[in-house]
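Trainee: In case you want the letters, here they are:
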Amino acid sequence: MPRTPPPLRLRDLAVTSPGGRALLTLPKLAIAPGTATVIRGPSGAGKSTLLMALAGLIRPARGEIRWGETDLAALPEPAIARFRRETLGFVFQDHMLFEELSAAENASLAALYAPKAARAGLAARSEALLTRLGLGARGARRVDSFSGGERQRIAVARALATDPPILLADEPTASLDRANADRLVADLMSLARDGGKTVIAVSHDPALIAAADRVLHIEDGALRPESARV
Amino acid sequence: MFNALWHSLPLWAQDGAIALALLAPALLQAPLILRGYRLGPLLRGLLRRHAGLSLVFILLIATSVAIGAAITAQERALRQGSARAADKFDLIVAAPGSEITAMLAAVYLQPSALPLIDGETFAEIAATEQVALAAPIAFGDSWQGAPIVGSTAEFVTHLAETLAEGRLFESTEEAVVGAGVPLEIGARFTPAHGHGVADAAEAHDVAYEVVGRMPRTGSPWDKALIVPVEAVWGVHGLADGHGPDWDGTLGPPFDPSRFPGTPAVLIRASSLWANYALQRAFTTERTMAFFPGNVLSRLHAIMGDLRQILSVVALLTQVLVTAAVLAGLMMLTRLLARRLALLRALGAPRRFIFALTWSFAGSLILAGTALGLLLGLIAARILSGMITARTDVLVTAHLGWPELHLVAGFVSLTLSLALIPAALTIRRPVIADLRL
Ligand SMILES: Nc1ncnc2c1ncn2[C@@H]1O[C@H](COP(=O)(O)OP(=O)(O)OP(=O)(O)O)[C@@H](O)[C@H]1O
Ligand SMILES: [Mg+2]
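Chains as they are written, first to last, in full-length UniProt numbering: chain A, 1 to 230; chain B, 1 to 436.
Rather than coming from a laboratory, the hints here were simulated on the basis of the structure. Note that CB positions come from ideal geometry on N, CA and C, so glycine has one too. Please note that the accuracy of each hint is not assured.
Quick list of simulated restraints, FRET-style, between CB atoms [claimed, not checked]:
#, chain 1, residue 1, chain 2, residue 2, range
1, B, Ala-51, A, Gly-20, 41 to 47 Å
2, A, Glu-219, B, Leu-32, 48 to 54 Å
3, B, Leu-32, A, Ala-117, 19 to 25 Å
4, B, Leu-27, A, Arg-21, 47 to 53 Å
5, A, Gly-136, B, Ala-21, 49 to 55 Å
6, A, Glu-69, B, Arg-44, 38 to 44 Å
7, B, Gln-308, A, Glu-99, 48 to 54 Å
8, B, Ala-51, A, Ala-186, 37 to 43 Å
9, A, Ala-174, B, Ala-21, 53 to 59 Å
10, B, Arg-427, A, Arg-11, 27 to 33 Å
Could you put together the complete structure from these sequences and hints?
Mentor: Written as structure tokens, this is what we have:
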């Protein structure tokens with residue numbers, strides 16, 4: 001039973017560096033549930049910073065990060081971790097897998113700390129995901145024997161193994177060649193759409209931009225006003 | 001109340017309880033920390049990834065545990081072995097002097113020249129009520145470095161109960177040998193004066209025939225060659241201990257006026273309680289009497305101080321190694337930082353990160369401790385073998401409760417210390433670590 005994603009509402013958001021420099025200022029932003037959003041902008045603009053803040057990995061200096069009723073900016077650390085664990089999937093730029101584990105173990109990593117009752121379902125789902133991503137037969141092999149594109153697909157399986165309503169991705173295709181990037185975008189989007197998930201991805205990938213409902217431009221830590229539907 | 005209950009427990013129960021109490025911190029924290037998580041795959045992965053460093057830690061811990069366990073096990077084995085070797089020597093009478101020297105000579109057959117007890121005195125001792133056995137122990141000669149001891153057939157029976165082979169000596173040309181003497185029944189040997197090797201010592205022109213062999217006793221007597229005391233006197237051109245009309249029957253009674261003397265006399269009392277009375281009776285101007293067991297206890301008590309120093313040294317190495325391990329674990333948590341940050345970014349609970357770090361440290365500690373116990377046992381066995389070869393006192397080292405207590409304390413202490421790096425890892429900044 002897929003869970004309906006909560007709507008995202010940012011208000012008066014300000015993220016500063018530990019030194020106090022303003023990294024990101026967002027007076028207002030809303031993202032509808034079940035939509036796909038791509039964030040783009042020049043290097044150093046604050047795209048990753050925004051994504052980390054949305055995942056609760058960076059605590060803003062002020063403002064609200066509301067996923068439905070939950071304001072991550074006001075939540076204590078353990079509750080944020082629980083939110084990440086239960087509601088978010090995350091795909092990083094360079095897959096960030098555990099090289100010493102197998103593909104299947106990486107994909108079902110969350111089972112290691114999930115409640116006992118959820119483990120079997122998690123393992124089954126990660127296996128099904130690997131199969132759908134074309135890696136099912138090689139699940140038992142160690143990750144260091146996989147290509148870049150395959151690793152990134154394992155990372156997608158890991159992000160979706162808990163069936164999270166929200167998927168965040170930071171330049172998921174940046175390290176891939178065109179063919180692999182296209183395949184990943186297709187897989188990612190079809191899986192997300194099938195599950196009715198909210199997708200927010202930092203990317204310059206034309207395929208991903210083309211598949212998105214909405215593209216946001218960030219420059220110098222601020223949203224450009226022309227950010228709108230493509 | 002508690003005291004009475006405690007002392008009513010059998011020893012093993014007390015030792016077990018102490019071990020449990022020492023292990024309690026580890027046993028209590030482990031389930032609390034590990035509860036509900038599957039750490040195996042990540043733990044194995046991390047150990048494999050940092051195999052070299054992990055091995056260094058394990059060896060470091062193993063060495064310190066081995067030193068501690070070997071020292072205590074070895075020291076105990078030495079105490080037990082030396083006590084067992086003195087088992088048969090209830091009460092020794094010798095001319096006044098050092099009890100320790102007399103004991104080393106009469107019980108452990110260490111070469112030394114003791115003043116002699118004369119015939120009058122020996123006769124008085126032998127005639128004392130409650131004396132069941134008074135056997136001269138006359139040493140001084142040797143064969144290929146092994147001691148030749150003159151005594152009586154009763155003494156051989158007292159020492160060996162039943163012979164492993166052959167019979168008791170019946171004439172002054174016969175000998176009964178210890179289990180470790182490389183002479184067959186029927187073989188002949190020539191005694192040398194003093195304790196050198198055969199050619200260095202002055203040889204006597206007599207030969208003995210081996211007629212019997214004692215079973216193994218685990219004492220220096222396994223290397224001894226026992227001959228009739230009359231033969232020892234005869235070899236040295238002394239009186240034979242008997243009157244002019246002696247029919248050649250060996251052993252007591254001896255004629256006091258023709259008794260050349262003996263450096264030591266073994267006494268067995270007819271009943272246990274008589275021992276102390278006999279010791280008092282034989283403590284005179286001409287003789288001293290002592291229980292080798294008591295002398296040994298006093299020696300062990302003196303060595304007890306040494307033992308304490310050794311255990312402090314062992315403990316210090318362990319504390320140092322623990323500190324080194326702890327410092328190493330801090331480094332290791334930095335090494336692990338990126339992967340731990342990744343887990344946290346994915347939503348792993350902090351307690352999971354804590355448990356992973358702690359059990360990583362715990363695996364090293366447990367593996368090191370187990371290896372250390374094994375190495376310690378092997379080291380103690382080798383040391384024991386060397387001591388046995390040197391002294392003929394059978395010393396066998398086992399791991400016992402003291403070692404288990406030491407190890408239990410060590411494991412609890414280090415596992416508790418491992419909470420520190422575990423607590424530090426969950427305080428690290430996730431984002432900064434992810435960028436490492
Ligand atoms: N912990 C930090 N301390 C100081 N400055 C930081 C910190 N984290 C990020 N920044 C700065 O914030 C700005 C935005 O960084 P961010 O990583 O969000 O950029 P980005 O848009 O993702 O760029 P890229 O496309 O290169 O990934 C950069 O100037 C960066 O140097
Ligand atoms: Mg970035």
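Trainee: Is the distance from the Cβ of Leu-27 (chain B) to the Cβ of Arg-21 (chain A) consistent with 47 to 53 Å?
Mentor: 50 Å, holds
Trainee: Just to be sure I understand the hint, the distance between the Cβ atoms of Arg-427 (chain B) and Arg-11 (chain A) should be within 27 to 33 Å; is that true here?
Mentor: 30 Å, holds
Trainee: 19 to 25 Å was suggested as the range; check whether the CB atoms of Leu-32 (chain B) and Ala-117 (chain A) agree with it.
Mentor: 21 Å, holds
Trainee: Within 41 to 47 Å or not, the Cβ separation of Ala-51 (chain B) and Gly-20 (chain A)?
Mentor: 43 Å, holds
Trainee: Could you see if the CB distance from Glu-69 (chain A) to Arg-44 (chain B) stays within 38 to 44 Å?
Mentor: 41 Å, holds
Trainee: Using the C-beta atoms of Ala-51 (chain B) and Ala-186 (chain A), is the stated range 37 to 43 Å upheld?
Mentor: Cβ of Ala-51 (chain B) to Cβ of Ala-186 (chain A): about 40 Å, so the range 37 to 43 Å holds.
Trainee: Given the hint of 48 to 54 Å, check if Gln-308 (chain B) and Glu-99 (chain A) actually sit that far apart at their C-beta atoms.
Mentor: 51 Å, holds
Trainee: Kindly confirm whether 53 to 59 Å is satisfied by the beta carbon distance between Ala-174 (chain A) and Ala-21 (chain B).
Mentor: 57 Å, holds
Trainee: Holds or violated: the 48 to 54 Å window for the beta-carbon distance between Glu-219 (chain A) and Leu-32 (chain B)?
Mentor: Distance hint for Glu-219 (chain A), Leu-32 (chain B) holds at roughly 50 Å.
Trainee: Is it true that the C-beta distance of Gly-136 (chain A) to Ala-21 (chain B) lies inside 49 to 55 Å, as the hint says?
Mentor: 52 Å, holds
Taken one by one, the earlier hints all hold for this structure without exception.
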